[in-house]
Each structure stands twice: as C-alpha cells, then as structure tokens.
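*Asks:* Quick note: the sequence shown uses the working numbering, first residue 824, plus one each step.
Derived by calculation from the structure, the hints in this document are not laboratory data. Careful, some of the hints might be misleading.
[Said to hold, decoys possible] Below, simulated BS3-like cross-link-like pairs (lysine-lysine); rule was C-alpha separation at most 30 Å, straight line:
(1) Lys951 with Lys938
(2) Lys1014 with Lys939
(3) Lys900 with Lys932
(4) Lys900 with Lys939
(5) Lys897 with Lys939
(6) Lys900 with Lys938
(7) Lys1014 with Lys951
(8) Lys897 with Lys932
(9) Lys939 with Lys951
(10) Lys932 with Lys951
(11) Lys897 with Lys938
(12) Lys1014 with Lys938
[What the hints assert, rightly or not] Label pairs and their computed distance ranges (CB to CB):
(13) Gln1015 with Gln947: 35 to 41 Å
(14) Gly928 with His855: 35 to 41 Å
(15) Gln947 with Val886: 17 to 23 Å
Cβ coordinates follow ideal geometry from the N, Cα and C atoms, glycine included.
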Amino acid sequence: MIRLLEGTIYSTESDALVVVVGGVGYQVFTPHAGSFAVGSNVVLHTHHAVRETALDLFGFATVTELLLFELLLKVPKIGPRSALQVMTQASPQLLIDAISRGDAGYLQKLSGIGKKTCENIMTQLHGKLPPELEMAAIQTGAGGLTPAQADAIDALIALGYVPDAARSAVQTLTTETDELTTNQIVTLALKQIQ
C-alpha cells in the first residue's frame, strides 16, 4: 500500500498530478490539481485504490483531507472518483462541519451530488465522525462561521481559489461580515486576495 509520496511535480492535469519519486512518475488524482506548480516539491498523503481494471492513487495535502476522503468511501455507492469530486468542491472543514450538524442541504449544493446521495452520506456519517476529524475542524475554525460565510468560502473555491486561501480571506473578514450577504462577503474577500 502506498501511503505517502514525496517528490517533484512533473506535470498537472485537471484532476491529477504526475509526481516524480526516485525517477518514477506516479499519477495522483487530487483536489485542485491546477493549483500546484510544475517543478515544485510536494508531499501527498495517499489512498491506493485497487480495482480489477486500475490501480489509482488519490493524494491529499493533509492527513485530515485523507481521513475525510476515506470516510466518504465507507458510504455505500460512493467510490473514489465521487469522493474526490466532493473533496474538490468543498473544503474539508466545511464538510466536517456540515456532517457533524447533519446539514444535508449543504451537500446538495455540490455539483453531481443528488438528494439521495446526500441523505445517504448523512445517514452513514452523522454522529460517527472520528474524534481526530472533529478536532481538526475545531482547530482550523470551521465552527462559528455563519451560513453566508461558509457559502462565500465555497463560492471562492468554485472560482478556482485554493480552499486554504478562500477560508483565510473570509476568516480575516469575519468581524466585519456577520451581517453581510454571501455576495458581499465574496466581493470583500476577492479584494483582499488580490
């Protein structure tokens, strides 16, 4: 089982990187692959998916992201590609927060996730998050965001910003944004990012 790769990014694709480790190039599917720079060094925590027709690697910048991805895989009818699609569209902290609150509506906003799948995720995972995932959400400040702030972070991610940059931009505005709409928060955050 390949659990971690440390190497140099050789190329990027829309949903994957080619990481060279010891002269061998590994294709690693990852959220926000386009945000990585070719030639830079990277450490990815990986999940090795073995199927009859393929051996795929899915890589994540943090252990928290990897644990959340593997938790999503435990939900019936959620495969690695579907779990990666979820991870690409929303930050891990907001997903953890939505699951812990039982907020299926949040998941329904994600592209490609139907109502039944959202309900299935909530049924399988609500109240069953491992303590390390709940602690990661608390430590990174997912809790305490207003719905408009959480939506603004998701909007920035959908616009192509890295989840950490989107979250940081909104959180630095938090004292100013308690009463603002999602659109107003996004506008302020975009000014701050640029």
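*Asks:* What hint numbers does the structure not satisfy?
*Replies:* Numbers 2, 7, 12 and 14, in rising order.
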